[in-house]
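J.: Fit chain B to the given chain A structure using the hints.
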Amino acid sequence: MALLEVKNLKKSFDKTEVLKGIDLKVNKGDVVSILGPSGSGKTTLLRCINFLEKPDGGKLSFDGKDYDLSGISKSDIAAIRKKTGFVFQGYNLFANKNVLENVTLGLTSARKIPKNEADEKALEVLKKVGMDGYTDYYPSQLSGGQQQRVAIARALATDPSIIYFDEPTSALDPELTSEVLEVMRELADEGMTMIVVTHEMGFAKEVSSHVVFMADGNVVEEGSSADFFDNPKEVRTREFLRLTEH
Amino acid sequence: MFNAQTLELLISSFPKILVYGLKVSVPLALIAFVLSTVIAVFVAMVQYAGVPVVRQICRFYIWIIRGTPLLVQLMVAFYGLPLFGINANPFLVAVIVFSICEGAYSAETMRAAMEAVPAGQLEAGYCVGMSYMQIMWHIILPQAFRTAFPSLFNALISMVKDTSLASSITVVEMFTRTKQIAGQSYNYFPLYIEVAAIYLLFCTVLTFVQKKGERRLGNYGVRK
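Same order as they appear, the protein sequences are chains A and B.
So the first sequence is numbered by the working numbering: it starts at -4 and just counts up by one.
So the second sequence is numbered by the working numbering: it starts at 5 and just counts up by one.
No lab work stands behind these hints, which were simulated from the structure alone.
None of the values given here were measured: they were computed from a predicted structure.
Glycine is no exception: its CB is placed at the ideal position from the N, C-alpha and C atoms.
Some hints here could point you the wrong way.
As the list claims (entries may be wrong) - Which chain B residues stay away from chain A? Per the calculated CB distances, all over 10 Å, these:
| # | residue |
| --- | --- |
| 1 | N7 |
| 2 | L75 |
| 3 | V80 |
| 4 | P194 |
| 5 | A200 |
Claimed, not checked - Which bits of chain A does chain B cover? Going by a derived footprint, with three or more residues having C-beta under 8 Å, they are:
| # | region |
| --- | --- |
| 6 | 72 to 80 |
| 7 | 127 to 141 |
Pulled out of the complex, with its shape left as it was, chain B reads as follows:
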């Protein structure tokens, strides 16, 4: 199995697979992560502030999304959207589904982080004359983000790997590309090991970025 031919295949396929990682998988994960974080902050704030009706809608959204598999969500969106006359390209569908899905999980992370900020911080903000939104912006959200940062980064790392599911809705990303090459060469095992190694490489880089990020964010002078 591990002969010169295999080695040659691995070397020649490496840039072909990697380029789809850099061109499709990573951008998909990053864009979806940014959008999901925006969704998460909005949904978390609605719940934190206890906005009537919208709060119930947010709980419903979290319930649906957390209770159904991502793969199924992808399929539903991919086959469902055309029925409503929306013919988005598969990459865009993937971005939307990943954002909405991750948004539900990250919303709970953010909500918990916001609730972990002591109530006295909000009260002190009111007492110096700040409005609710000003307190959110300057006090509660920055502290919550610091708390949520490792968990949110966890979600990003997860998402990089989950992008492989986009292959099921015809997005040609890193995993699809590997399947194609493997199909042409009939040499599956080494190529899947190779693509696994590339995912691992991406996640290792992200782990490093997380560490740097945490150090950069600091901990407001709290010694660890």
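Bound-form chain A, shown alone:
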């Protein structure tokens, strides 16, 4: 059974239809890359399934429960968010909290976990992303790559069933990009379920198990990453792959 299944997700901003009925299925352990040109709705899709945008319609199954996306209750949203992690393009670390507090806040505040337990968990995940030596640094004192690794640790700390990555390396230079991708590759190897909106074709090809290609608010093509890259079916996909080849 799928961990997450989206059916006919629709979203408009004013009169512009950004998502025109998206279907998406993610099994436990899948690493799904969402590719597509700018403005195709990739980020909006990710934001809708974590309710940072309000979906206009569609159905969601998550962790064995079914929800109606347009009429979902606040408590259902809160329950789903407690089982998911989100990594932003712009990191969005809490500016007034140091690295350790950034990671523990979701545990101590949202889940009422005692501070010493939360600290222990935070150190464990910070070690995983190689940031355990920076616990008392503030976000403004870190490089973009370091901030993003802390953000990944923050997402990991709550033991989510799935982590959403919204263009996690788009704001980073190539060197910092590779340090973040390395962390994500390790997570994938450990079996973490991930949906990654990305422009990193290398990551999509080598790390992800599945690829979803979007254009103009629709899913144009999807499949295993091997099939997608070696044997694309749609003209639109082939065109995109040709343009992004180096």
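T.: Leaving out everything else, chain B in the frame of chain A:
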């Protein structure tokens, strides 16, 4: 004008005036400042969160208070409250009016400071499972307070001086006391200079406290 007699008057009146500053003016300003900040945070949050109806009431409150002079507000409260059977002492009336008045201004300061916190901070809070109020408490308000701190302190400094208006509703504070002494001695000018100097002294101390406070609050590692 500046003879030995005047000097003697200034020296003998100094502690008499100062004591009313410390006993009445400063407490009035501090209590009203604390209450006004509580009002400001509430009113700012209501607007930030866009709570229907209450939000409109808050806008109305800000409109009324910012559009009328503090002196008039004091008079309205002082003469108006007894008509409703409320006979509060003048000091209490002053505290209430100052709090309500400053609250309206500080509410706008706080609202602007809250809106200046990037939206991503709120989103990140939601994504780690925090509730709206938890995010407010741990993330948005602390950052907004840091931004608003200099402006809020500005308001406090203003308020210390504005307490002199309480003399108009029979509160015997520093300025009233000066008027009384001046009236007895018929030597007005030096005494008003003296009380001005004491206000200046208070505000200088506050300016120093503000500097210390800003340094203490830090800037989350942002180098200036």
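J.: Indicate, hint by hint, whether the structure satisfies it.
T.: Results of checking the hints against the structure:
At the 10 Å boundary, the C-beta of N7(B) stays outside the reach of chain A, the nearest C-beta of that chain being 59 Å off. Against the 10 Å criterion, L75(B) stays outside the reach of chain A, whose nearest CB is about 39 Å from its own CB. Non-interface call for V80(B) relative to chain A: holds, since the shortest CB-CB distance, roughly 41 Å, exceeds 10 Å. Distance check for P194(B) against chain A: the nearest CB is about 50 Å away, which clears 10 Å, and the non-interface claim stands.
At the 10 Å boundary, the C-beta of A200(B) stays outside the reach of chain A, the nearest C-beta of that chain being 40 Å off. Remark: the region 72 to 80 of chain A is confirmed as covered by chain B, as 5 of its residues place a Cβ nearer than 8 Å to a Cβ of that chain, reaching the required three. With 5 residues bearing a CB less than 8 Å from a CB of chain B, the region 127 to 141 of chain A meets the requirement of three and the coverage assertion stands.
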